[in-house]
Every structure is written in structure tokens, then in C-alpha cells.
Amino acid sequence: MRFQGKVWKFGDNISTDLMMPGSKVLARPGISDKEAAQFCMEANRPGWAQQVTPGDIIIAGRNFGCGSSRPAARMLKALGIACVVADSVSRLFFRNSIHIGFPVLLCPGVSQAFEEGDVAEVDVESGRVRNLTRGVELQAEALPKDSPPYQILMAGGLDNYLKARLAQGRRAS
Amino acid sequence: MGATMGEKILARASGRPQVKPGEYIWARVDGTAVIGARNLRARLRALGIERVWDPERVYVTEDHLAPPPSVDAANGAVEMRKFVKEFGITHFFEWGRHGILHELFPHHGYVSPGDFIASIDSHSTSYGCFNVASCPINEELPLVLATGEVWLRVPESVRFILTGRLPGPDQFVVGKDVILHIAGTYGTDVALYKSVEFVGPGVASISMAGRFSMANMGIEIGAKFAIFPCDEQTLDYLKGKMRREPRPVSPDPDAHYSATYTVDLTHLPPYVALPHDPGNSVPVVQVARERIKIDQAFIGSCTNGRMEDFRMAARILKGRQVHPDVRLICTPASQAIWKQCMEEGIWQVLAEAGALITSSTCGPCPGLHMGVLGDGEVCISSSNRNFQGRMGSPKAFVYLANPATVAASAVTGYITDPREFL
Chain A
0 MRFQGKVWKF GDNISTDLMM PGSKVLARPG ISDKEAAQFC MEANRPGWAQ QVTPGDIIIA
60 GRNFGCGSSR PAARMLKALG IACVVADSVS RLFFRNSIHI GFPVLLCPGV SQAFEEGDVA
120 EVDVESGRVR NLTRGVELQA EALPKDSPPY QILMAGGLDN YLKARLAQGR RAS
Chain B
0 MGATMGEKIL ARASGRPQVK PGEYIWARVD GTAVIGARNL RARLRALGIE RVWDPERVYV
60 TEDHLAPPPS VDAANGAVEM RKFVKEFGIT HFFEWGRHGI LHELFPHHGY VSPGDFIASI
120 DSHSTSYGCF NVASCPINEE LPLVLATGEV WLRVPESVRF ILTGRLPGPD QFVVGKDVIL
180 HIAGTYGTDV ALYKSVEFVG PGVASISMAG RFSMANMGIE IGAKFAIFPC DEQTLDYLKG
240 KMRREPRPVS PDPDAHYSAT YTVDLTHLPP YVALPHDPGN SVPVVQVARE RIKIDQAFIG
300 SCTNGRMEDF RMAARILKGR QVHPDVRLIC TPASQAIWKQ CMEEGIWQVL AEAGALITSS
360 TCGPCPGLHM GVLGDGEVCI SSSNRNFQGR MGSPKAFVYL ANPATVAASA VTGYITDPRE
420 FL
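Protein chains in written order, with numbering that gives the first Met the number 0: chain A, 0 to 172; chain B, 0 to 421.
If you're looking for bench data, these hints aren't it; they were derived computationally from the structure. Nothing here was measured: the structure is a model prediction, and the numbers come from that model. Don't be surprised by glycine CBs; every beta carbon is placed ideally from N, CA and C. Some hints here could point you the wrong way.
Have a look at the derived ranges for each label pair, beta carbon to beta carbon [stated by the list, open to error]:
| hint | chain 1 | residue 1 | chain 2 | residue 2 | range |
| --- | --- | --- | --- | --- | --- |
| 1 | B | A350 | A | G168 | 52 to 62 Å |
| 2 | B | D53 | A | G168 | 28 to 38 Å |
| 3 | A | P53 | B | P274 | 27 to 37 Å |
Computed footprint of chain B on chain A; a stretch qualifies when at least three of its residues, placed anywhere within it, have a C-beta under 8 Å from a C-beta of chain B [to be verified]:
| hint | segment |
| --- | --- |
| 4 | 6-16 |
| 5 | 40-49 |
| 6 | 94-105 |
| 7 | 122-132 |
| 8 | 157-165 |
DMTMM-like cross-link-like pairs, simulated, lysine to aspartate or glutamate; straight-line CA separation at most 20 Å [stated by the list, open to error]:
| hint | chain 1 | residue 1 | chain 2 | residue 2 |
| --- | --- | --- | --- | --- |
| 9 | A | K144 | B | D71 |
| 10 | A | K23 | B | D374 |
| 11 | A | K33 | B | D71 |
| 12 | B | K292 | B | D374 |
| 13 | A | K162 | B | E148 |
| 14 | B | K394 | A | E41 |
| 15 | A | K162 | B | E22 |
| 16 | A | K23 | B | E376 |
If we strip away everything but chain A, and leave its shape as in the complex, we get (with noise of 0.2 Å):
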């Protein structure tokens, strides 16, 4: 699982509430994910989920993904964006991103080596960053190969994973 793309630059404390914004959202449970994303980072980015070209790929600071639990990743997702490096990453966020099948990848500070705009070239496998615009060159922490999350995102997310699961009829231990 490789990807090349162009940066898109956020910095700390991103919240879940920004991408999903709650009275735009979850006040209507039937919206469909293409339509929620067009709200995501609408307060603090006005215009920013019109401007995501599908590849593209985003850079954070620490703690990205903070507060409420609700899908968030799925915005991200919806938009095109093909995966996130961040300095750190709250746990539900990263969670919920690898059972949808989203790449996040932790790599402390992978936010001071990038710009908006650079282009960086992620391995998921192996956890290599790469700026291919600086040259610079970064290691994420990598999932081993043996974890659930590995599996789980391998598997392109949760519902193919427990499919699988299931038609063996047997207990994941």
C-alpha cells in the first residue's frame, strides 16, 4: 500500500467536530457520506473539501483527530484523500480510520518536514515518509504484520475482515 501525493497541511488538535461538524451532520442521520464530506473543515477551512483532489494526502501536528467518536474518517475518505501522517493521532480516530480501511499513520514530527503543496510519497507496509519535493526522508511507526490493525486495514477495513471472519466460523484469537 503506496501513495504519492500532493500535501495538504493541518496543524494541532484537529477535531472530529471540524471534519463532521455536528449541527451540518449528525443533526441528519440519513446524509450520505459524499454529501457530509462537503462540510468537512468547513470552520476552519472554508472551501478546503471543494478544493481536495482524490491522491491527495494529509500532513498533521499532534492529536489530530481529537474528540467525539462519530466516523470522521469516513469524510477524509469520501473526499479522496488517500491517507494521513500526523505527529500523533487520538486513538478513536485512528480506530475508527483503520476498520474503514483509511490509512493513518503515526510519525512524530513528520508535521516540521513537510509544506502545504509538497508532494510525499507514503508506504503504509514499511511506514516510510518520504518529501519527494525536499528529499527528506521519515519513519512512521509501522503496524506489525501480526496485529489486528494490520489485518484489518489490509483487509480494505472491518466488514470484509469479519466477513471472512465469520464464513470460517471461528474465533479471531
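Start from chain A and add chain B according to the hints.
Only chain B this time, still in chain A's reference frame:
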């Protein structure tokens, strides 16, 4: 080496003699919850899941949009009721007998000390006040419902040793102020992906309502679990409510904590978090002289919508009026609290002061209904988050504080130290 409270509970739940931080485990949950199940039934059906692993351990209600303000929200609740019927769920709470899940479910046997809970909604860290290792989940709900299991990476533990004595509700300094102080002093990522354990002689001076607020806002400092020890107060509170025998845990003397912080509770003042982050917290006295005018005051949410909270508010509002430029919205965390407020005459006091009293809902806290903010408005709220856009307009400003500070500010019209009303 000894184990922390979180490690002991995870060892039991994963059937291992011990667990080590960083390792991946599968753990069996003691309970899980469902709210707002708009797409759940369809998703389970698509996965071929026709039964939950144990219908007795699944608790269901709709609290975020209760009752529904739109056809869309009503249709979400229609789906929820179908899920309840088709999957044979016994613990379902219809509107009128409902509440915000974290307040409601423990009253009906959802948790016992020593439990491991993986539960929907980020504020599921709340149950930690009952000596429970409880982590929020969301996307993995179908996994938990189908198998009763969840994968986890065993977290490192950090410890807050609480010393001294919290002034308490009589002095208008409560658990909310402790957690706002911690968020402001140590940062909102101090416990990122970690089990937070609140220990020490100061714990006994914090009421169950106060511990609830602290464990609840554990998520606001990044926590996976936010665990208190089990003491007499815990068991008194849960007496007659539990469905399982308590299995309390306490940390071993040689348990390993990756960090230890000490907080002296004795001289703690009321705190307020300034927009737009719970970590922007300062003592209320520091901003009181700025006379920050408010448009709305909100007492409610899973963080601070309990009896202790409304009793403090009533003490301040008795014989006084809400400021003419302010609306005070009071939303109890459950209908049981609504009823008790009525019985204790609290609603009488608040209504005479000009407050608006609603039924129980998450409501305005996540910007959904019954108190959503407009452009340029300023709100002081007893809830848990003041992120930009959280309570409605991205151009609104939310200050977080304890319910006494909210009530005092509602009277004066600007952010006020409640101790002026002692």
C-alpha cells in the same frame, strides 16, 4: 512486576495471567451500547449477522436527537426500534424513560466494578468512575455485537495522584474543575492512547458526580480508559443497580506508570476553558474582571447534568433572575434526574428565575437541537467540548465551566466566579 488497574482488568478480559503495554490482545467485553442506529441494522444484515453475542449485555437508547427534531432523525429512531425488535434486545429505553446513555445505563445494571466495557460514544470513558476499564469505540461496533470481543493494544498507564481535599459542591468547586485544571496544566494529549488512573487520598473527597465528570472528560485528555479506585462511595452508588458481582481492582504497589502527576485539590478554584479548546483552561477569577458577556448559559450533558449540578444551580438562582440578555437552558442527563429535580423543587426555583427546562437529550452540546448557537453568540456551558463549531455556528464562542459558574454567569450576564454567590 505489578499491574495497574487497567492492566488487571485487561488481563482478566483477555484470559491471560498478565498483559504488557504495547501488545495486541483480544478482550471479551462485559457490555456494549447502541445509540443512533441509523445504518446499523443494514450493516449487520449485509455482514450476515442475525444475532448479537448476548442480547442481555447490549443496552440501547436514542439520546442525541431525543425526541427527533426532523423526519430524518425520526427515521433514524425507526431503524433503531427495528434493530431492538429483530435482535431481541431487552435493555431498550424509550423516550420518557430515557437519558444520555452514560448516565442512564449504569442505573440499569450496565456496569459493575472491574468490568471491561467497549462502548459507542467517545464519553464512554465515563464508566471509569465505577472502577471500570471502559474505552469508546465506533466503527467496530458490528465486531463487538457479533462476537462480544474487541482487539486492543494494551495501553501504557499514567497516574494522577490526588492529594488534599476538594472544596466540593458546597464551595462550588467540583470534579469538573479538577479535569479542566488537568487539561489546562498538562495538555489535552497528556494521556493520548493511555490508561489514566486517578488515585490517592484526595479521591475520597470527590463525589460520584465529580468522579463521573472527570472520567467522562478523560477523553478530553486523550485517554483510552480513565479509572478510579472502587471505594464505599462507589458501592453505595451502585447498590441495587448492578447485574454482576463487583470485581474491584486496585493498582499493585509496584505497578508501572509511564508518568505520575500530583494534583493538590485543597486550594483548587473554579476553572473555565476559553474557546476553542478544553485545554485553554484558567481559573475563572482570571477572566472574571474582563466581564465577558454571554448570550446563552447551558447546564446539561453527560458531563454535568446531574443532581449535584442542578442543586448548585438552584442555590445560586433561588430568589434571583436570569439576566435579561441571557437564556439559561437546563437539560438533565436523564429523565430520572428530571423527576428528582421536580420532587426536590429545583425546577420550581429555576423556572421562577426564568430558566428554560428541557427533557433529557445530548441536545445543544454537540450542536444538534434545543439550544444550537448562531453566528457571533457566546455561550458558557457545563458540557465537555468547546471546539470551533461544536455547539452550532463556527462563528460562536463556547466557554466550559462547572454548573455553578454557569448559573452565576447566567445571573450577572457575564462570566462570573460562582464563589461570589457563597
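Hint by hint, here is what the structure shows:
1. A350(B) to G168(A): 52 to 62 Å: holds (59 Å)
2. D53(B) to G168(A): 28 to 38 Å: violated (18 Å)
3. P53(A) to P274(B): 27 to 37 Å: holds (34 Å)
4. 6-16: As far as the segment 6-16 of chain A goes, the hint holds, because 3 residues have Cβ atoms under 8 Å from chain B.
5. 40-49: It holds, with 3 qualifying residues against the three required.
6. 94-105: Our answer is that it holds, as 4 residues pass the Cβ test (under 8 Å) against chain B, meeting three.
7. 122-132: violated (count 0)
8. 157-165: It holds: at least three residues are needed, and the segment 157-165 of chain A offers 5 whose Cβ sits within less than 8 Å of chain B.
9. K144(A) to D71(B): Distance of about 42 Å is beyond 20 Å: violated.
10. K23(A) to D374(B): holds (14 Å)
11. K33(A) to D71(B): The given pair, whose Cα atoms are some 17 Å apart, holds under the 20 Å limit.
12. K292(B) to D374(B): Between K292(B) and D374(B) the Cα gap is close to 15 Å, so the pair holds against 20 Å.
13. K162(A) to E148(B): Status holds; Cα separation ~15 Å.
14. K394(B) to E41(A): Since the Cα atoms of K394(B) and E41(A) sit roughly 11 Å apart, the hinted pair holds (cutoff 20 Å).
15. K162(A) to E22(B): Since the Cα atoms of K162(A) and E22(B) sit roughly 25 Å apart, the hinted pair is violated (cutoff 20 Å).
16. K23(A) to E376(B): Distance of about 18 Å is within 20 Å: holds.
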